[in-house]
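As a plain string of letters, each chain reads:
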Amino acid sequence: MERIDPSQARDHLEMVNRILAESQQRLCAGGEYFVVWGVGSAYVTILFQLADNGLVPGAALWSVPAVLVLCAIFSIYRSRATRATLARSSLLQREFFNVLWLTIGLAFLTNVAAYRIFAGVAGAAIWSLAETIVLLYIGMHGNRRAQIAGVVVLASLIAANFAAPSVSGYVLGAGMLAGYAGFGIAELLAGD
Amino acid sequence: MDELLLSKVRLGVVAELLNFDWIAFSELARSLDVSNGNLGAHLGKLVDAGYVDEEKSFVKRRPLTRYRLTKRGREAFSAHVSQLQSLLQSANS
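So the protein sequences, as listed, match chains G and W. When we follow our numbering, the leftmost residue of the first sequence carries the number 1288, and every step to the right adds one. When we follow our numbering, the leftmost residue of the second sequence carries the number 682, and every step to the right adds one.
Incorrect hints may have been included.
What the hints assert, rightly or not - Some chain G residues judged to face chain W by a derived CB distance under 7 Å, without partners named:
| id | residue |
| --- | --- |
| 1 | ILE1291 |
| 2 | ALA1296 |
| 3 | ARG1297 |
| 4 | HIS1299 |
| 5 | LEU1300 |
| 6 | VAL1303 |
| 7 | ILE1306 |
| 8 | ARG1375 |
| 9 | SER1377 |
| 10 | LEU1378 |
Said to hold, decoys possible - Listing some non-contacts, in silico: residues in chain G with all C-beta distances to chain W over 10 Å:
| id | residue |
| --- | --- |
| 11 | MET1302 |
| 12 | GLU1319 |
| 13 | ILE1333 |
| 14 | GLY1345 |
| 15 | GLY1392 |
| 16 | LEU1396 |
| 17 | GLY1426 |
Unchecked claim - Examples of chain G residues toward chain W, derived with CB under 7 Å:
| id | residue |
| --- | --- |
| 18 | PRO1293 |
| 19 | SER1366 |
| 20 | SER1376 |
Calculated from the structure, these hints are not laboratory results. Yeah, the Cβ is synthetic: ideal placement off N, Cα and C, and Gly gets one too.
Required output: the full structure, derived from the provided sequences and hints.
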């Protein structure tokens, strides 16, 4: 049986501590998902408001399912491609994607399956809430941009509550663009 | 004391894998600064012991081998580090 002396034990523990300290990562969010879903959700929200105000024909709403399906296809394709080529894939990253899929997936399902309860602007507000949860979750792991973006989306939700019914959808859409898509662009530009 | 983890390279591999879901072979070799042959031999022992899972695939026609820590490996690492700390404490007292 091999033996180890105290100086070797110290040496081994120091190496372990160094490796663990170096592997403490910030959450890498993947900016492209945020750009796609931010623009997609804002498009749907603003389109509903435009249709509600009689500024676009009701037939334009048929583009909504197509946009959402395109966003979902992009996300699935991108996550599979990224996962296969990553040299390192952290446990934190996996947990983040679980939160992302669960939150956005539930918002999607709620919009489709409970559209009578969350009709009109309430359906859009569900998206704002889901996006706020995702952003603040990333923010909790030390990403300052995500904290700010989460506050922007949350502020748009509160502002929309007090805005006139004819503009509340625009306010929510602006929050999605500035907060969610804006965060994605900031992440892509930062390169992490 | 876990004899498998008395090797500094194998202990380093397990520590590297601790916070990650998967790490590619090339990335492990770069992080630990060991030769491919040396690392391959150590990883083989960890895989045989059930401490580490190995996955071989092809990405754009290039082979990719990735590793991740198993529950057994995680428990062994935790127990081994505790024993190292105890050894140090008893030496200091």
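Report task. Identify every previously stated hint that the structure contradicts and give their numbers, smallest first. Result -> 11, 19
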